[in-house]
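Here the protein sequences line up with chains A and B, keeping their order.
Read in order, the letters of the first sequence are residues 1 to 284 in my numbering.
Read in order, the letters of the second sequence are residues 1 to 158 in my numbering.
Hints in this document: simulated from the structure, not taken from any laboratory.
Beta carbons are placed, not taken as given, at the ideal position from N, Cα and C, and that holds for glycine.
Any given hint could turn out to be false.
To be verified - A few chain A residues that face chain B, going by a derived Cβ cut-off under 10 Å, partial list only:
#1 D6
#2 A27
#3 Y30
#4 R104
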Amino acid sequence: MLRRFDVHRATSVKEAVRLRQMLGEDAAVYAGGTELLLAMKLGVARWPHLIDVKPIASLREITATKDTLRIGATATHWDIERDTVVAKTLPAFARLEASVANVRVRAAGTLAGNLAFAEPHADPPALLLALGGRVVLEGGAGSRSLPIADFITGMYQTAIAADEIIVAIEVPLPASDVRIAYVKFQILERPSVGVAAVATVRDGRFVGAPTVVVGAVDEMARAVPTAQFAGADARAAGTRDAIAEAARGAVEPTADLAGSVEYKRHLVGVFAQRAVDSLLAQAS
Amino acid sequence: MGKREIELRLNGVERRLEVEDQVLLIELVRGLGLVGTKLSCDTQVCGACTVLLDGRPVSSCTTLAIEADGKPVETIEGLADGTKLHPLQEAFIDRFAFQCGYCTPGMIVSAKALLEARPDPDAPAVRHWMEGNICRCSGYQTIVDAVLDAADRMRSAR
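Looking at chain A on its own, in the form it has when it is part of the complex:
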């Protein structure tokens, strides 16, 4: 049972922005509702107005240019995991999307909503951060694009302005020899830990430094300092141990249902190594 509210169906980005300006703090942007309606049912959030952005046809599109994948704000996880453009240009992200929550959440929930809610226990932010993904916003002052690191500013906190809506998520497409891994451990509906790794590997060695990002354990996804691993032998036990150590040191885990601080820090080390193993197992 939900308290009474009104849904306003926006049919253009312009109309959605105008509704945001008009309704201000009394309204939330609504698409899949998988996070929003839960929060409202629990009583932790109450909005008398919801602005439904699903009728805006252009926001559902998924397109790619030579160097950028663009996922519209109302594309659901279900859409993304099946999309032929995503499968062709960024298959690792399609696989991540196919593992988000459960099939019903994927059928309704959107990637943009997942980022906008900024729930720390989430899969997409870690890999999007590792790939240099950006959130494209549109508001009264025009449009702007923020890197994931600047968009998600804390637990359930984002840099989205009161009159803005997300219109798309853009991901720069990596060069063809770049390997991408996302590995996670999950016992409940949300990941206990997720580690993304992106690197070029030649003859078992990193070309330049790998990118490693730890998600779901801290208040937000955290990039692991990896400059010291530039050119390192990724197969060497010493490298793997040092990457695990660096990953454990990069996070301040939050104790919750998924585990204690110590346990999560342990998981981070194990899954950082598995992410490297996954990179090594891939053919360039």
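Using the hints provided, position chain B relative to the given structure of chain A.
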């Protein structure tokens, strides 16, 4: 605002209803007497409230009824053809795939969407699809067996 008219195709029957915006899909279907759809966790975790909205499995506990406007909705009551059970229902009985039965409507509705998308799944595919449907009695193996069995029956019936 607040109240609007929606048209939906509920278990194959066109319905025109007036609903308030905040009404949930589970409230709508149960309010119409379709009480096979169960409320359990109320947080999209357990799957007991699963219905098909435009062919996709959704948690009716966390879906607004107005989302059904212009779309087909299928609940557990829509599966049997008169007294003839759907192959999934027959397989669940034959394989003893339930005990208390509370999760069963959601299990079967979710499995129906799987078999429509993928008529020949293997066991890992069934487990992955059904991992969001929780059962406290069966131990799951008989449920996976029943879904695979139903897939066989549906293929040979073609």
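To see whether the hints hold, each was checked on the structure:
A cut of 10 Å between beta carbons decides the hint on D6 of chain A: the least distance to chain B is about 4 Å, and the hint holds. Checking A27 of chain A against chain B: minimum C-beta separation of about 12 Å lies over 10 Å; hint violated. Checking Y30 of chain A against chain B: minimum C-beta separation of about 9 Å stays under 10 Å; hint holds. Given the 10 Å rule on beta carbons, the hint for R104 of chain A holds: about 5 Å separates it from the nearest Cβ of chain B.
Of the hints listed earlier, the one the structure fails to meet is number 2.
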